[in-house]
Structure formats: C-alpha cells, structure tokens
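Using the sequences and the accompanying hints, generate a full structural model.
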Amino acid sequence: MINFLLIPILIPFFMGMVLMFLHKKVRLQRILSLLTLFCAAFMALLVMVKVKNEGVQTITFGNWPAPYGITMVADGMSSLLVFTTFVLGFFIAWYSFESIGREREQFFYYPGLMFILTGVTGAFTTGDIFNLFVFFEVLLMSSYLLIVLGGEKGQLRESIKYILVNVISSALFVIAVAYLYSVVGTLSMADISVKIAEINQPGIITTIAVLFLLVFGLKAAIFPLYFWLPSSYGAAPIPVLALFGALLTKVGVYAIMRTYTLFFVHDVSYTHEILLILAVLTILAGCIGALATFNVKQIIIYNIVIAVGVILFGTAQMNETGLEGALFYLVHDMIIKAVLFMLVGLVIYVTGTSNLRKMGGLMKTYPVLGWFYLIAAFGLAGIPPLSGFIGKLLIVQGGFEAGNIWSSIFLLASSLIVLLSVIRIFIYAFWGEEGERVTVEKHRYNRMFFPTAILVIISVAYGVGSEWLVPFMDNAAKILVDPSIYVDAVMKGGE
Amino acid sequence: MRTNNLILQFTSKFVFFIIFFFAVHIFFAGHYTPGGGFVGGLLMSSAIVLLVIAYDLKTVQMILPVNYMYMTAAGLILAVGTAAFPMFKGKPFFTHFFDYFHLPLIGKTSLHTAALFDLGVFLVVVGVTMTIIQTIGEDE
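Line by line, the protein sequences are chains A and B. Once you know that position 24 of the first sequence is 197 in the working numbering, the rest is easy, because the numbers rise by one and skip nothing. Once you know that position 131 of the second sequence is 155 in the working numbering, the rest is easy, because the numbers rise by one and skip nothing.
Since the hints were derived computationally from the structure, they do not count as laboratory data. Model, not experiment: these values are computed from the prediction. Backbone N, C-alpha and C define an ideal beta-carbon position, used for all residues, glycine too. Just to be clear, a hint being listed does not mean it is correct.
[Said to hold, decoys possible] Label-pair distances were calculated between CB atoms; the ranges are:
id, chain 1, residue 1, chain 2, residue 2, range
1, B, Lys132, A, Pro238, 26 to 34 Å
2, A, Ser404, B, Gly161, 28 to 36 Å
3, A, Ser404, B, Thr155, 24 to 32 Å
As structure tokens, then:
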C-alpha cells in the first residue's frame, strides 16, 4: 500500500473532525480519543519498522511526479518522531481526563488535541518546505485554541503574546521560503538539496540559512529567541503544557535539524559554527533560568530550553555520532519532558501551589510519587542507565570527534546544573516540614498518577533498552549524514 | 441605536440572493477560471453578514438555523474524505478523478471529484467565518 505512511497522520485528523460533532459527550470523546491515539501509535510503529526494513518511504500527492507534487517522506528520523509523538499523545490524553476539567473537555479540547497531533506529525513527515509551513500553521492554530481554552486571566494575557510571536515568525517563515524559492526555484526538499549542491551554496543561500535558523529558532526557543516561552507556556494548564513542552519546541528543533542536514551543508564552517555558539548560549541561558526561579513549572520549562541547546549542539557537530546522539536525546527529551510536566502537575495538584517554598514533606504522604519523580529527574540529567545518558554520551563523543573540546566539556558540566535544578524540586517538595496541602480526591489522583507512572517506566525502558533502538537510530542518522539517500528515495518514488 | 433601517433591510433581502447566486457561480467557475471554494465561501458569508448588519444576530439565526461549528466539521470531513478516497483504489492521496457524463437537460458535462473537495472548502470557509463573526457579535 503506497499511502501507508499517511495513515498515522490521517487517523487523528479524521477523528478530530468527528469529535467536533460529539463535543458535548465527554465520555465518548475520551474513549474515542484514546482508541484513536492507540491505533495511530500502532500504525506509526508499523511505518517505523517498515522504514527500517525497506528504506525511506515516499508518496507524492495527486499522482504528480516527484519534484512537482507535494511529497511526504517517512525516513528514519521522521518515522521515529511520529511514533514517539503518538505514544506521548496517548498518555497525555489519558492524563488530561482528570486534570483538564469538564468545561474544557466540552469545548473542543479533544478535537484540538487531535489536530495538534496531526500538525506535529505532518510537519515531521512532509518533504516539501511550503507544506512544512502549512503543517506548522495547523499545529499553531490548534495550539492557540489549547493555550487560550478556559479563558483564565493569565491565559488571555499570555496567549496574546504567544499568538503575536508565532504570527510574526510564520510571516518570516513564508518570507524565508520565498527567498529560497527565488534562488533555487523549487519547494520540494529533496530537489532543494540537489539544487543547492549544484550551485555550491553561494553567499545568498547562507544568508537564507541564517534566516531559517531565526524562524525555526523562534519556535524551538533557542537563545536569544526563547524570551516568549517561559511565560506563555507557564499560563497553560498542565496537560496542555506537557503536550507543548514535549512536542512543539521539538518541531522547531526537527526543522532546524532537517534543513541543516539536508540543505545547508556546504558552508558548515559558517552556518554550523553559528548553530554551535547559539546552542551553547541556549544551554547557558536555560541553566540560569532554571536555577533562578522557585516556580516548579518554570524550572521544567527552562529545562526545555536547555534540552533544545543540547540537541542543537549535537546537530552542529555534523558527524554521525553527534547526529545520532542528537536523535537519541531528542526522543529522550520528548518523553522525559512529558513525564516531568505530568509529575509536576501531580505535585501541584496535591499541594495546591506551584511555589516551591510553600511545599514540603510530600515524601511521608506520597512516597511513590517521590520515587517516580526522582527516577525521572535522574533520567533528565542523564545518569546511566536512564534515558538521557546514551544521547548525551554520543553528543559529547561527537563533539570531541569534531574537535569542539571546550564546548563539549561545558555541555557535560551543564548536566550537573540540570540535575541540581530538578533535585531542588525534590528537596523542597518532598523533604522537610509539611507544607501546604489541599484536599485531594483519591480516585482522581490515582487516575492521574497511573498514566504518569507508565510513562516513567517507558522512559526507563528507553534508557535501559537503548541497545535495541540503536539500529533504528543508526538508520536515521545515516540519512542525516548522507542526504543523497533521502534525495534518491524521493526522486525514485516519483518515477 | 438604530433609527431607520428600512431601506437597508429591504434592499438586503434582494441583494442577499444576488450575492448568493454569484457565490454559487464563482464556486463552479473555479474549476477552469478564477474562483473556487474559498472565494465562493467568502462571498457566501459576506451575504450572511449583510443580513446580520441589516437585521441582527438573533433574527439571522432564526432564518438560517445552522450550527456553523458543525458546518466546518462537515466541510473538513468532505474535503479530506475526497482526498482520502483514492487511497482505497491504490492511488496516491489527493488523486482526483473526472469523466464526462450525459446528464438530462444539461447534456454532456464533465464531473470532477475536485468539485467535491472544493465544496468541502466552501463549507469550511463559511463555517469558520460565520463562527468568528458570531462570536465577536455576541460580545455586545
């Protein structure tokens, strides 16, 4: 079946439309969303296995030949990310049953969830730069809905900021695409790669490369464009925050990785040097932010910024080890950020506050939550054998191979800051005197805790079982290093 | 607020239908010439907006008891359904089909699945525009 790679994207898309009709029936919506996301995740798994066994899968819409039609491409990286997205979507949807609130559930929360997942996975899969913009818009519009849903005062204030930033960056995106089109005369990503190689990346293309970095950097929250992220994300309710933190910035990161490995690879000493410096500064800025605040949400949000820096650092090395590390770390970070936000959501639920200084003594009443949090925190910092370790190891190894000794050491040192920032939550919230408490409905707490616990276990399994994932990652990293595999697959698919 | 809207109300009754038929014309013209579902949808919603201006939101909702949110969803399903249909025939997503048919009265006509897709777009545009306008209008 030639359309196979589209099925995981189409399933939630269709269901989102159907759920719009059923928006008053909360129970039915919950069941259908879980079922949909399970099917989508399963299909994405099949696509991922197929890509590994049979090579890159492509489909060009409307039966057009390859560089002229819109191509969708499932290569190692995109199929892996699509699968991860749906797994996380499944658990976040499950978690939100008890935490998002009935009013939001009746007001198109689940359709919004479906559409945002469509947008994210579509952006991961598309092989056309303008179509990438379209999928960005799909996910952004759904994110506008999700961030403002509920209409609390803080949400309204921050969503205006969020919308403004994203509208401006979208406009810049179109401008950048137009520039690129005016130079190379094509929008198919595979074809752009060929054309840029033919003209050997003159100065104008390098300028466009930096412009693209600006555009995607705004979405991915790199230094100095991350300014909007902490306050905007902070206003969203926890399940939405988990979804955004796990997925949205990663789409920007994915776009940078894709364009910087497929298009702009002929002037590495300039473009990737900028990327490297920005990555290091991003980590630095994130570390400062994470240590400076006493708001649990903000601590994790600043850790998103750090992780973006780490992944881009791996990308900037432009060798197979570094890129494989970046991929490992990307998937790890998607999982662990969702886990951490869900755990922090539980902590906020039982204490009724997000201020660290008012918490304390949770270890007595919620020991299981404490231990799961500790595991997740260690996973984030990359303590072996947990999930962050292998990615960071490969990134640093790639950094040494590329001769970036000092920045690699800096990266290692930053892990300690990351550990410190999340352990602070552990110390303040779980140790010490009994802090603030609110009455907790036990069954609600349990229903929120259950998906979180499973996701923690998945993150541990991701770290311990990384040996089994190596073939997938190898396969994905090979394409990133050698764009000709990607190009050949797309062009051959059109014949 | 309103003093004398008689002329506006009277004309808009006629103009509504003129705009409506023009929208339909533009919608079908869109296959070979400029036009299509998007523009047609915008014209259609502008016709409804004219009624809203001439009368008020409640009256228009009484005349056209449509849930625009569901209209959007139905349009989306139609559009994506048309696009997804070729998948069952082993063709790539978004492949369109067309053929010539002899219809009574009209004669030889070309029927194209792109028109179905465009109808979906039409419904989505009308649905979204009217939802936005209703939401803003309700705040008064």
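Each hint tested on the structure:
The beta-carbon spacing between Lys132/B and Pro238/A, approximately 31 Å, falls within the hinted interval of 26 to 34 Å. Between Ser404/A and Gly161/B the beta carbons are some 31 Å apart, a value that agrees with the proposed interval 28 to 36 Å. The hinted range of 24 to 32 Å is satisfied by Ser404/A and Thr155/B, whose Cβ atoms lie roughly 29 Å apart.
Hint compliance for this structure: no hint is broken.
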